[in-house]
Amino acid sequence: MAGTGTAHLRAPEDALLRVEDLVVEFHTGRNQTVHAVTDVNLDVLPGETLGLVGESGCGKSTTGKAIMQLPSPTSGKVVFEGTDLTSLGAKELRQVRTKLQMIFQDPISSLNPRRKVEDIVAEGLDIWKRGSRAERSEKVDEMLLTVGLDPDVARGRRPFQFSGGQCQRISIARAVITDPQLIVCDEPVSALDVSVQAQILNLLEDMKAQYGLTMIFIAHDLAVVKNISDRVAVMYLGRLCEVGDPDVLYAQPAHPYTSALLSAIPVPDPDVRPDARQTLGGEIPSPLSPPSGCRFRTRCPKADEQCRDEVPVMRKVADDQFVACHHPLAPGEVVTTVSLAGASA
Amino acid sequence: MTDPVTDPAPTVAEPEVGVDDLDVAIQDDHSLDLPTVAPGEVLLEVEDLHTTFSSPRGPVLAVRGISFELRRGRTLGIVGESGSGKSVLSRSVMGLMPSNATRSGSVRFAGNEILNAKPKVMRGYWGDQMSMVFQDPMTALNPVLRIEQQITESLHEHIDLSKKQAHDTALQLLTSVGIPEPDRRLRMYPHEMSGGMRQRIMIAIALACGPKLLFADEPTTALDVTVQAQILDLLQSMQRDRQMAMILVTHDLGVVAGRAHDIAVMYAGRIVEQAPSKALFGAVRHPYTEALLRSIPKLEMAKHTKLDAIGGRPPDLVHLPEGCKFAPRCAYAQDVCLVEDPELTPDPADPTHLFACHFPVSGVGTAVPTPVAVAAPVSSSPAPAPIDPEVSA
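Here the protein sequences line up with chains A and B, keeping their order.
Just so you know, the numbering used here puts 274 at position 274 of the first sequence, and the rest follows in order with no gaps.
Each position in the second sequence, counted from 1, maps to that position plus 1000 in the numbering used here.
This is chain B alone, in the form it adopts within the complex (with noise of 0.2 Å):
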C-alpha cells in the first residue's frame, strides 16, 4: 500500500493508530482471562525451546533450542534454507504439531505458559489470540467450502455473533485485504480465484478475530514477484493498522530485508544470528547469513556473474556434525570450529547483535545499491560493499 511508512527500526513503540472499522471483530471478547498487553511490551517469550520428531532413522533434532521475545507491534523475521527448521518453529510456538513430535523448553504468551497446554485450552488462543496465514493458499483452504463459511468459522467458535453480524465482518474484512466485488466473492469457492486472491483471503481467516500475534509461514513462496509485494504490503499495513506482533517467516532475505524490525537467520535448527533489521544488514557478522546474502543474484550484477554458491548441502538433523553446524560448509572454519558449538551471544560493540560463530566476520556492510528501476535515491550503507560487484547505473 501507499500510506507513509514509519521506519521500520524504531524501538520506542508506536502509538495505538488506525483504530479499525472491525470493532465487532476485534473487541477483546474472548472465553481466556489473558491480561492485556499494550503495543511495545513483550507479547511471547520462548525459551530454550526443543522440537524432535521421531522417525524410524532415529530422532530428528528439528529445533535445537531457541530463545527470542517478541514485542506487541513488532515484526521479527525468521529467515532460513529448507530444513532449517524454521517453520517447525513457529508451529511449535503455536502448538500445531504432529503425534511424533516431542517440546521441552518454555513458551509464554501474555505471560501464560502454553508450551505443554491441552488442545482444548489451545482452541481458545487458536484464532483468537494468535493465527497463522500458510505458505499454498492453494491447499490450505478447502475446496468444497464457500468462502464465507471459511471466514466466519472462527468468528462463530470464538465470538457470538448472529448470521448477519458475521456476513457484515466477513464482508469488512475482504474489504480490508483488498478483494474487489466482496460480496460476490463471499460465495464463491476457492477454485474460482487466482492464487494472490487466494491468499487474501487466507489473510481475512487469519485477521478475523484480531489475533495479537500473526504467524506468516512464506506467504508468499507460491506466488509471482508483483503479486508477492502486494501481499507483503497488505500484511504489513494491517501489522501496524492493528498493533500485532507478527513472524514472518521466509527463506529470502530480500522480502523481511525493508520489512521486519528484527531478523533471526536460522542454521539446523538454531538461532545463529540475531539483529535489528538495520544492524544486521549494517553488519553481518555470522559467515553463513554473509554466505546467504552473497548467493542470490542482484539485479546489479552484470550478465553471466559467477555467483558465491555455498557448497554442500545443510546437515542431517539425525545425524548432526560435532562442533558448529555450520563448520562443514564455512569458508572462515577452523579446527575449533570442528570441536565446539559456538554459543549464541551479542557483539560486544552492539548488545542487540547476537551472532553464534568463533570466527565472526568482520561486519561489512552488505546493503545493495538502490534498484535500477527505483527513482528515489537510497544512501546505501556507509560501510564498503566489496562482495556486490555493482554495476553502476
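Chain A on its own, in the form it takes in the complex (with noise of 0.2 Å):
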C-alpha cells in the first residue's frame, strides 16, 4: 500500500466532493518533516458515505481535518462542488463551511462544558443569524427529536449531565441543523460501549436517509466502517492501500495489510482460536522518515525489492476493487503468518 495513483476515482462531475493528490506535512524542530498524509486521492459521490479506516497514525484523521481546511492542506486540491476549497480566501471558505460539518470522537471534551445544550445546538444558526427566536427553539426541539432526547428535559441541561452516547447525540444534532451536504466523522464512536455505538451508528444511518447527508466515517474498527459505509478506504501511514465496494473488500482484500487488518479483529466465537490466525508483526514506523517504496513493505511478509524502489500505483483488480500493491493476495490467498517475534528479530 501506501500507493498513489487515481485509478479508483469517478469522473469529477459526479462527486460531491473530489480530493486529488493531497498532501499534509507538519514541520517540528531540528529540520524535521512529519509526513503525515502523501499523495491521497479521493472521492464521494452524492449521497454516498466513505469508510476511512487505519491504525493510529496512519493519517485518517488529518485527511478529515484537511477536507475541512482545518487546517489547510500543505498541497493538493479539495474540490467540494466543484470549488477548489485550498484556494478560497477566509470569506468565501467561511460561507462554505456552512455546508460542511464535523462530528468528533471525543463526545465529551468536544461540548463546551458551559453552555447548556440549547445554545450548543443552536450555535450554527446563530452565527448565521438563521430564523428568528421561534423558529431557532422549534428547529433545535425538532433536532434534539430526532436524535432521541427529549427537548424538555435536555435543552436546558449541561452536557455533563449526559452519558457518552448522549453527548455524542447531542454533537450529531449541532452538526446537522445548519442542513450541512457533507459531514466529517471522526472516530465517532470508538469511545463508546458496544451498545451505546449500536445506537449512534442505527441513529447515523437514519439521519443520513433523513437529511440526505454524504459522510465520510473515519474509524479504526473495520466491522464498524463496514456497517455504514458504501465505500471503504483504507489507509497506512499516510497512503491509500485499497478503495472499494465494503462487501467485495472484506470478501477479498487484494491489500495484505487489509487481509492482517481483518484477521485482527477479535471475533466472539471461541471456536476461532485467535493464536491460528495471522497476527501482523512490529508497529507502524515514524512518519518522520517513511519507508521508500511501498510504506508498508516493512511489515509485509510480500516484500521484495521492488516494493523498496517504487511506490506502488492504484490498479482495479476487481469490479469497484482498487488496490496499490506490487503484488496483491490473488482470490484466497492469505499472507503468511508474520509472528509477533518478527518484532524482536
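Simulated from the structure, these hints should not be mistaken for laboratory data.
The reader is advised that the hints may include incorrect statements.
[Stated by the list, open to error] Cut-off 30 Å, straight-line C-alpha distance, at most; resulting in silico cross-link-like pairs (DSS-like, lysine-lysine): (1) Lys1306/B x Lys139/A; (2) Lys1306/B x Lys65/A; (3) Lys208/A x Lys77/A; (4) Lys91/A x Lys77/A; (5) Lys99/A x Lys77/A; (6) Lys129/A x Lys99/A; (7) Lys316/A x Lys77/A; (8) Lys129/A x Lys116/A; (9) Lys65/A x Lys1303/B; (10) Lys139/A x Lys65/A; (11) Lys139/A x Lys129/A; (12) Lys208/A x Lys302/A; (13) Lys99/A x Lys1164/B; (14) Lys208/A x Lys1118/B; (15) Lys77/A x Lys65/A; (16) Lys99/A x Lys1303/B; (17) Lys208/A x Lys139/A; (18) Lys1120/B x Lys208/A; (19) Lys1303/B x Lys316/A.
[What the hints assert, rightly or not] Chain A residues, not near chain B, derived (Cβ > 12 Å throughout): (20) Gly131; (21) Glu135; (22) Gln306.
Yeah, the Cβ is synthetic: ideal placement off N, Cα and C, and Gly gets one too.
Work from the hints to combine the two standalone chains into their complex.
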C-alpha cells in the first residue's frame, strides 16, 4: 500500500467532493518533517458514505481535517461542488463551511461544558443569524427529537449531565442543524460501549436517509466501517492501500495490509482460535522518515526489492476494487503468518 | 504468538509447562507464608463481595454480591459495559480502593482472607502474588522515571537482588515480552515509546515478581486492532507458560471469546451469566448477553445492516430499579421481572452454566462463521444462528 494513483476515482462531475494529490506535512523542530498524508486521492458521490480506516497514525484524521481546511493541506486540491477549497480566501471559505460539518471522537470534550444544550445545538444558526427566536427554538427541538433526546428535559441541561452516548447525540444534532451536505465523522463511536455504539450507528444511518447527507466516516474498527459505508478506503502511514465496495473488499482483500487488519479483529466465537489467525508483527514506522517505495513493506511478508524501489500505483483488481500493491493477494490467498517474534528479531 | 495452542476449554489441569529462564524472579521467595497452590487448584475464592462508594447522591452500589472461584492456570473473562462494575470488582479483589469505598463479603487468596487486610499486609501481595495491567499505558507509567527503574521497583521491594541481578532480570523480562533492543529501551522514558510498547512494559512490570494472579483491566482498549492482537497473544502465552491465574476484564466479547476459559457477564454490579467460554457462546441464556452479542457489528453482515441496539442505558447505581436490573431494557421482560430479582442459578441441563433470569433465552448458538480473511475452515456451532444474517464469503 502506501500507494499513489487515481484509478479509483470516478468522473469529477459526479463527485460532491474530490480530493486530489492531498499532502499534509507538519514541520517539527530540528528540520524534521512529519509526512502525515502523502498523495491521497479520494472522491465521494452525493449521498454516499466513504469509510476511511487504518491504525492510529495512518493519517485518516488528518485527511478528514484537511478536507475541512483545518488546517489547509500543504498541497493538493479539495474540490467541493466544483470549487477548490484550498484556493478560497477566508471570507469565501466561511460561506462554504456551512455546508461542511464535523463530528468528533470524544463527545464529552467536544461540547462546551459551560453552555446549555440548547445553545450548543443552535450555535450554527446563531452564527449565521438564521431564523427568528421562535424558529430557532422550534428547530432545536426538532433536532433533539430526531437524535432521540427529549427536548423538554435536554434543552436546559449542560453536557456533564449526559452520558457519552447522549453527548454524541447532541454533537450530531449540532452538526446537522445547519443542513450541511457533507459531514466528516472522526471516530464518532470509538469512545462508546458496544451497545451505545450500535444506537449511534443506527442513528447516523437514519439521519443520513432523512437529511440526504453525504458522509466521510473515519474509524479504526473495520466492522463498524463496513456497517455504515458504501465505499471503504484503507490507509497506512499517510497513503491509500486499497479502495472498494466493502462487501467485495472484505470478502476478498487484495492488499496484504487489509487482510492483516481483517484477521486482527477479535471474533466473538471461541472456536476461532486467536493464535491460529495471522498476527501482524511490528508497529507502524515513524512518519518522520517513512520507508521508501511501498510504505507497508517493512511489515509485509510479500515485500521484495520492487516494493523498496517503487511506490505502487492504484490499479483495478475487480469491479469497484482498487489496490496499490505490487503483489496483490490472489483470490483466496492469505498472507503468511507473521509472528510477534518478528518484531524482536 | 504462534506456538501451538491448547484448547482453551479443557477442565483438566495442564502439566507445568514452559519453565522460564526467569528463575531469579519467579522463585517462591517471599515474606508471606502462603501454601503452594498447584496448577489446577483453587487460588482465589470470592464470596458475596459487595463494594459500595459513598457519594453526595447516596451510596453507589458498584458491586452487589459477587461470588466466583479461580483456579491456577485458568483465565476468567469479565465482560460488561461501562458502569457494570467490572473494573471495581477487580480492584476490590486486589484491595486497590479509594477511602470512600466499603467492602464486605470474603476474598480468599491461597486460603488466606485478604478482604480486610491492612495495606501493610497487602504490600506483600501486590506485585509479588497478584498484579495488574492497567488500561491506559500512557498514564499508568511514571513519565519521569526510566523504564528500568519502573520494572525493578517491585523486584527490590520483594526480592533481595543486587543491582546487577535486577538489571539482568529486567532485560530478560523485556525480551520475554517481545521488546526489541531491550538494553536501549531500559534507559528510555515512557514518552519515547509507542502505546503498544508501553503496554508491553506494563506487562513486564506486572510479571516482574512472578505473580500467581494477574489482573488485566481492559489491557487493549487504548490500542489499535493489530497491536491489540499482539498484546492479547502475549498475555495468553505468559499466562500459559507461568501457569498463572488471570482475570481479563473487557467490554468486548470478541476479546475474551477464544482466550478465556470461563466468562462472567456483569450487569449493574452483578454477574448475570457465567459459564465456560464454549458453553456460553454455544448457548447464550441471558437476554443481556444475547443483546450484547447482537449489537456488535460483524464483518459477515452486509453493509448497512440495521444493528440490534439495546435501547436505554444501564441503570443508575444509586437508584437501582426493583426486580431484575436489566428488565427495563429487556425484550423478554414480564411483570415478575419488575418485582423479583432473579438469583444466579445453574442451568439444569449444564450445571457449569449459571444465569440470573426468569425467562432465559432458549440457548441458541451465537457462534459466528469464520471471518472472511481466515483461511482455515472452522466449524461453527451446530446450533442455528438466526441472529447472524450472514453473507457467505
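Going down the list of hints, with the structure as the test:
| no. | hint | result |
| --- | --- | --- |
| 1 | Lys1306/B x Lys139/A | 27 Å, holds |
| 2 | Lys1306/B x Lys65/A | 29 Å, holds |
| 3 | Lys208/A x Lys77/A | 26 Å, holds |
| 4 | Lys91/A x Lys77/A | 18 Å, holds |
| 5 | Lys99/A x Lys77/A | 18 Å, holds |
| 6 | Lys129/A x Lys99/A | 16 Å, holds |
| 7 | Lys316/A x Lys77/A | 23 Å, holds |
| 8 | Lys129/A x Lys116/A | 18 Å, holds |
| 9 | Lys65/A x Lys1303/B | 25 Å, holds |
| 10 | Lys139/A x Lys65/A | 28 Å, holds |
| 11 | Lys139/A x Lys129/A | 13 Å, holds |
| 12 | Lys208/A x Lys302/A | 40 Å, violated |
| 13 | Lys99/A x Lys1164/B | 64 Å, violated |
| 14 | Lys208/A x Lys1118/B | 57 Å, violated |
| 15 | Lys77/A x Lys65/A | 13 Å, holds |
| 16 | Lys99/A x Lys1303/B | 26 Å, holds |
| 17 | Lys208/A x Lys139/A | 18 Å, holds |
| 18 | Lys1120/B x Lys208/A | 58 Å, violated |
| 19 | Lys1303/B x Lys316/A | 21 Å, holds |
| 20 | Gly131 | 32 Å, holds |
| 21 | Glu135 | 31 Å, holds |
| 22 | Gln306 | 24 Å, holds |
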